[in-house]
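Chemist: Residues per chain, in single letters:
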Amino acid sequence: MANEFGLFVTTDTTKCTGCKACEMACFQVHNEGRNKVGRTVGTITVPVTPKLYVTVIPTASMPIQCKHCENSPCRAVCKQFAISKIGRQIIVDEAKCIGCKDCLVACPFGAVTLLPLYSDGQPARQAGSPDGKVAASKCDLCAGVPEGPACVRVCPNKALSLNDIDEERKRKNIAAAEALAVVNAGAPERRAL
Amino acid sequence: MTVIAIDQNLCTGCQECTKICPNLAIEGLPHQAQKINEDKCVMCGQCVQKCKSYVSAAEHGLNAYLGVRKERDLPETVLEPLFAAYNVTHIQEVKRALADPNVYTMVQSAPAVRAAIAEDFGAPLGELAAGRLAAALRKIGFDKVFDTNFAADVTIMEEGSELIHRVQNGGVLPMFTSCCPAWVRYLEINYPQMRKHLSTCKSPQQMEGALFKTYGSKLLNVPAEKVFSVSVMPCTAKQHECSRPEMVDSGHRDVDVVLTTRELAWLIKDMGIDFLKLNNEKFDLPMGDYSGAAEIFGVTGGVMEAALRTGYELITGKAIPALDITAVRGVDGFRTAEIAVGDLKLKVGVVTGLKNVKPVMELLVAGKLDLHFVEVMTCPVGCVTGGGQPKLIDETDFETAYKQRISATYDHDKELPIRKSHENASVIKLYEDYLKKPLGQLSHKLLHTTYCGDKKHH
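The listed protein sequences correspond, in order, to chains A and B.
The numbers in my numbering rise by one with no breaks, and the one at position 113 of the first sequence is 113.
Start counting at 1 in the second sequence, then tack on 193, and there's your number in my numbering.
Quick caveat, the hints were computed from the structure, so don't treat them as lab data.
Note that the structure is a prediction, hence the values are computed from the model and not measured.
Some clues are possibly wrong.
[Unchecked claim] Partial pick of chain B residues on the chain A-facing surface, computed with a CB cut under 7 Å: (1) 209; (2) 318; (3) 458; (4) 589.
We put the beta carbon where it would ideally sit given N, CA and C, even for glycine.
The following block holds chain B by itself, in its conformation from the complex (with noise of 0.2 Å):
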């Protein structure tokens, strides 16, 4: 499955893509269009990101912009720009759905969607909108409007019961978080011995995939062949996660489709929803219900802030003393720290920028990686700057979207009543009417994965 394309006739060859793309899979020589080797191409999209190349009515002619919309299938209330690099869409399969009275729809939201989507209906850089988020999946007509966030706070409960065991019983260390989809493909690809090291957690979207189809099909009634189930994530690379053949666990496809958050901004103009202007709406219960910690996983180091504030509870049994974990949080490409838990020095790592993963990675196989616990984030400082999140026209505003979207980030996690994620009450309820226990037998079948190694996968 196709999800990164470079349009040949578009591609000028300027390869400014080349030199971000973090696994050298964009191939060609210079002035001439460029291709990408799918066997190397992580799916992190940021070449979609950068690239510039537009259908141009000086160069193609007035028409070309109409055929080149149809031809990726978008929809012709689309009238924006469209480049040589972009992202196969969904959006056709998702209207579809919706328009089908025989399928129940369920739509997940990652947490950096809210943190930028605004921007693509004019919003400053950065304007938090999860209320109207809500809102408009509601309006679009989703039939239960869930969130990522709340499989987020499910994976700290198991990926932080996964590090006590790992720690406690002398299992595979350092363990390296699972969440970012491009990460794990490209330590299959270039560290597959390394496998072991990854959580066997499934990402957050492929939890909360698993959980619609089960525990959501049982306490909504609805058959689980009934429901089509969408996750609105900022990355490219979910797409193929949710294709792979292990995400199957229940029963079905776990996750069906993914829309970016660019794709689910068109959609919103589709329906003719004046975005800007909805009123807050929260999310459904009990799979839309979240805690700070979750919400943080949008933001580099926020995966490691929120096992922490969890973590540290569960082995000393008391509140952490301060809940913002600073010493995990900013921008560097490769930052360490040591946390005391009890009477255990945690020490924690945080990789954001998939380039920075490499020379982290050859001190793992050189056997000098004294770490406990490494998150990697595959985009420049997070989910929030996403493949998929809204592109900026002018590169010098990267800067201020990163910081403001951040801060947007870390301002609804202090706005939230619950900032830890084992308190929040539903995912309480789910581990005590459904799952009984993190690692248990019921979690292990649908929120943990062997990743099987990753070849094309169609």
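Chain A on its own, in the form it takes in the complex (with noise of 0.2 Å):
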């Protein structure tokens, strides 16, 4: 499983203010193109819809957001497809999506939401109705970001942190096991026994 286990975005609870700095990064990246929001506040026109949920608790705050599952129950309940494993993130096709909220009900920790669509400024409207269209709303890291997942580099505190598990893991096994090997060298009666 080297190297397969889709990648995700943690945070260091110790440093996370909950300032929101990651969800205006979230929303700023992923609308760029899309809704043409420039560098400063000024240049937004579409309400703020970020793909991560700042959560204040009375011990600490962090960011929620996907943790791109492997048996992601989101992706099996959705019956439009709209959710798919693409290399080691979990995506939402936002055009396939129907507003079912069955993934939101799936995911345990609250990390999808439904969020209006807007593209040119303009809210997207369901077909054969002026009523506006929703999708589910999620971490995707940023997809086809070069720099990697916007939250990550705004953070002012870098309280967030791209997390690659099977990495961590094995540094967590070299670490176990060079201080187990120290503890053996150093200890002539367990080599006796």
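Since each chain sits alone in its own frame, please combine them into the complex, following the hints.
Modeler: Next comes the structure, spelled out in structure tokens:
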């Protein structure tokens, strides 16, 4: 399974202040082309729709976002096949989403919500209806952005990191092995056993 | 009068703003809504630039945005996100004045506005828009489109003369600049005993305002009481400054209302003007005429450089060898230089970022600040990074924006035919026809002030 697990963003809750810089950056990077969002707030003409959700509890704050589960329950329940695994990411195809909310129910972390869709600064309309269209919105790890996830880049407290869990496990394994090797080398009575 | 506020329903208590507040005026517990202590707030608006806690459809509901927009008295054409920390807007007052046929509107814009306003229309960071700014203000319907830069040149005439007078007559030194209202307020709150070190000059905004309703009113034959004086500033503290009780030397409120750069961008959009497609226009004469020296007021070290360009010639009678005085440029929090002005070795200091002023003030209090003249600006690299400037979505853009806005300012200085305040023909005429001489009787009445200490003004 080496290097096949889905990547995901994790938060050091001792550093996160809950400032929402990650939400703004997430929205910016996903609406640069689609809704002509520039570098300043004044260029925004549509509601801010991030794909991660800063959550504050009495003891901590952190953005909650998709973990790109290996056995993704959201993907499993989506009858429209709007959710798929592309590379190492779980991606929503907003055009296919009908807003049924099954993925919201299925996700144990609340990492998905329904948000209004906009393009060219205008609300997207449902086919044959003046009503606005919504779609499931969740982290796509900034798919297609060469610099990687915007949230990780902009965090003023460097609280976020892109987690490659397989690499992390190997690092931990090596650290554990090294620690044990030191312990054993310094304990001749153990060698005698 | 509240200038800066934090919406208690929106603030999540991340305290990012408390970390940057230069006067520790933001109070509260972590993860609870923060409050501004108005007795301490210098109204620089850096918290407004920093705050990311927005009215969210996911968190507050789809209609919450409309409620907050209405509560803040913003036009319905404003669509951008609204954040917990904000400055109180006066855009509706300006709209009413513009629509009133009995009101004669005069507007001025600070140099830093033209270095950033285009950003809010999607232009690259720091794209210079002096000509489009003048065109937009005219299109909005202001009767006269003047410019704060004119008064910046006048400031140099007055402040330069004041410095020379202090140096030659054993006056109080070092003299500190007084154009930054957040700095003036900081000094009044924390070091009131040092007030005599402040230049008695009003800021360019207040000089221009006082001239609108006296010199301008006379020139244009419009009674001063009919004039509505608007200024467009990169600064949130300017609204506080124009409301100070001292600022009525024209016999009226010298500046009626301040719009920030962001608020002007809203007004331009509200009027349906396509800013980026406007053709360049000029500011109106005479109070829209300006030199490159005035333009660089918008960046840290600029007032100092402008003062040196003129002071050198006033003292030595010779032209300064190099117009670009790089010794006072830069972005370090406190930098000093020694400039040879004839026989005088003028020792100058430049402070940028109000947090950097405290150690300098402690030196002053201890009698160890061996300088003649010190410029202080509150915001990170001067007014181009003011609290009323276009707000960057990502902080990772701060560095680029700062750099680009600074270079736009110096580029504009370089391209102007006149680059020294005392060579501004309209300023020369102002003195010939009206003020007579710097530090003269009329200058003292209109352009200088004694800051009367700052408790709460309402």
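Chemist: Next step is simple, just say for each hint if it's right about the structure.
Modeler: Against the structure, the hints:
1. At about 5 Å, the closest approach between the beta carbon of residue 209/B and any beta carbon in chain A falls short of 7 Å, and the interface hint on this residue holds.
2. This hint holds: residue 318/B has a C-beta 6 Å from the nearest C-beta of chain A, less than the 7 Å allowed.
3. For residue 458/B, the shortest C-beta to C-beta distance to chain A is roughly 5 Å, which falls under 7 Å, so the interface hint holds.
4. For the restraint placing residue 589/B at the interface with chain A, the shortest Cβ-Cβ distance is roughly 5 Å, inside the 7 Å limit, so the hint holds.
Checked against the numbered hints given earlier, this structure breaks none of them.
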